[in-house]
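Trainee: Each chain is listed here by its residues.
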Amino acid sequence: MSLSHAQLLHALAMAQAADVAPALAGGDIDLNYAAGSAATIAGLLMFAASDAASLAARETTAVAAARSLVGAAGNGRDTRQAALATLLEAAEIAGDSASWRAVMALLAAEAAAEWAGLGLQ
Amino acid sequence: MPADALAAYLAGKWHEPVTITGLKRFHGGASRQTFRFDATGASSGRREALVLRRDPVSSLIETDRAAEYAALKAFAGSDVPVPEPLWLEPTAEGFGAPGFLMREIPGGMAAGLLTPEPYGDHVGALGEALFTALGRIHRTAPAAAGLAPIAADAAAMLRLAHWRSAFEADRLRPEPVIEAGFRWLERHPPPPAQRVSVVHGDFRSGNFLFAGDRLLAILDWEMVHAGDPLEDLAWVMDPLWSHFSGRPAALLDRAAAIAVWEAASGLVAEPKALRWWQVFAQVMGATIWVSSAREIADGRSHDPVLGFAATLPYRFHVMTLAQTLESLGS
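Line by line, the protein sequences are chains V and G.
Position one of the first sequence corresponds to residue 0 (numbering that gives the first Met the number 0), numbered consecutively onward.
Position one of the second sequence corresponds to residue 0 (numbering that gives the first Met the number 0), numbered consecutively onward.
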C-alpha cells in the first residue's frame, strides 16, 4: 500500500467513529453514506489482513531477488525501491536497455506480489 | 447537509415555501459530496427530485466545479445524455460549500469497481451506446463547454506536466515505477492531437448510469478539460475499469470499442498515439491514488474511499505500469 498499515487503520478507525457510528445511532440523512463507508472499511480490513499475512514471505523473496543488484540496500521495502530507482535512472542515462529491463522486471515482480498480497485472486 | 438550508435556497429560486423530503447522501464520490432529495413547493405543489453536488472538506482530486457545471450545461438536451444542471453556487452560501444542483436521473444504477460483469446480457447495446457517446463528446469543441482552447501539439505535454506536478507534491515513498513511467512518457511524445475537443477526464465504467441496455447519463464531469480525445479512450479502456473481464469497461471487446468510437468521433485511434495515452492513463491513475494516500497521511481526510484508492487501484496501476514498461523497454 502507498499508506502504511498504521496510517490506513488509523483513518478507518476515525471514519468508523466520526461517520459510521453517529449515523447508525441517529438514522439520519448520512445513513446511506455510512453504510457504504462501513462496507468499504470492512473490505479494507480484509485487504490489510491478507497483506499482513503475506508480507514476511513477500519481503524475503524481494530481498533475495534484488540482492545481486543492490546488495544490503535491498533490505527493507523503501530502501530497496529507492536503490532500484537509482539503478533504473542510471540505466536510462547510459542507454543500457538490458540493465533497465532487469531492474524493471524486479519491480514488476514485486508489484505483482504486492497486488496478490491483497488476496483478491 | 441540513434540509432547512436546501429548503431556504429553493424557496428563493421558486418564490414559494419549499419542503425537503427523502434527503440522503450517496456513498462513493471522492471529489464531491452528492445528496439526493425531493423538493415540493407549498403553494404550487410542484415536486422535483434533485441532486446536490458540493465540495468536500478534502478531495481525491482538486477539481473545478464551474467547469463541471458548464460541461453539463453544454451537453444537456444533446445526444450525449447528462443530468440537467440547474443552479451553480460558487461560494459556501446556499449549500454550506460550493456546489450545484441538477435533476435526478430516475431508475439508473452505476457499476461498482469490483462487481463482475455488471452489465449482464446488455454488453453489446450498452457498449455501442457508451462508446458512441464518447465519440460524440469528442466531436465537441472546447469552447462549447466554456473551456479555453489549447494547441494540438501541446495537449499531451500539458497533461503530463499537470500530473507530474501533482505527483511531486504528493508522493510519500520511493515510487520507481511511477517515476519511470513519467520519464518514458517524456522520452516518447505522441503525435499532435488529431483534434482538440472536450475531454471528459474520468470517462469509465462506474461513471455512467444505465438501466438494462439503456445508457441514461454520463456523470462525474469534474475533471473535464480541453485535450486529446485519445486521453478519454485510453482511460475507459484501462484494465482497472474492466471488472476483471478483459474487455474495455466490461462491455465491447477492444477492437469493437475502438471501431464504435472511431465511427462516432470521426477520428482514428492511431496505435502509437493510443499506446502513449494508455501508458499515460496508468501513470495518471497511479498519481491520483498516491494523492489520495497523501490526503490521509496528512490527516486531511479519513474517508475510506480515499483509503481504498490508496490500496487496491494503487497497487493495480503500479503493477500494470511496471508490466507495460517492461514490455515496452526504456
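If you are wondering where the hints come from, they were derived from the structure by calculation, not from laboratory data.
Just to be clear, a hint being listed does not mean it is correct.
[As the list claims (entries may be wrong)] Ranges of calculated distance between the beta carbons of each label pair, as one might list FRET restraints:
1. V:ALA115 with G:ALA41: 18 to 26 angstroms
2. V:THR78 with G:ASP152: 38 to 46 angstroms
3. V:GLU88 with G:GLY76: 30 to 38 angstroms
4. G:ALA147 with V:ALA38: 54 to 62 angstroms
5. V:ALA93 with G:ASP152: 29 to 37 angstroms
6. V:GLY94 with G:THR90: 36 to 44 angstroms
7. G:GLY211 with V:ALA104: 41 to 49 angstroms
Treat the numbers as computed from the prediction; the structure is a model and nothing was measured.
The beta-carbon is built from N, C-alpha and C at its ideal position, and this holds for glycine as well.
Trainee: Given a hint of 54 to 62 angstroms, does the C-beta separation of ALA147 of chain G and ALA38 of chain V actually sit inside it?
Mentor: At 41 angstroms between Cβs, range violated.
Trainee: At the C-beta level, are GLY94 of chain V and THR90 of chain G separated by a distance inside 36 to 44 angstroms?
Mentor: violated, 54 angstroms
Trainee: Using the Cβ atoms, figure out if THR78 of chain V sits within 38 to 46 angstroms of ASP152 of chain G.
Mentor: Roughly 41 angstroms apart at Cβ, these two residues keep to the hinted range, so it holds.
Trainee: Against the range 41 to 49 angstroms, how does the distance between the Cβ atoms of GLY211 of chain G and ALA104 of chain V compare: consistent or not?
Mentor: Roughly 45 angstroms apart at Cβ, these two residues keep to the hinted range, so it holds.
Trainee: With 18 to 26 angstroms as the target window, see if ALA115 of chain V and ALA41 of chain G comply at their CB atoms.
Mentor: Violated - the Cβ-Cβ distance for ALA115 of chain V and ALA41 of chain G, about 59 angstroms, lies outside 18 to 26 angstroms.
Trainee: Regarding ALA93 of chain V and ASP152 of chain G, is the given constraint of 29 to 37 angstroms on their beta-carbon distance met?
Mentor: holds, 30 angstroms
Trainee: Do the beta carbons of GLU88 of chain V and GLY76 of chain G sit within 30 to 38 angstroms of each other?
Mentor: This hint is violated: roughly 51 angstroms between Cβ atoms.
Checked against the numbered hints given earlier, the structure breaks hints 1, 3, 4 and 6 and satisfies all the rest.
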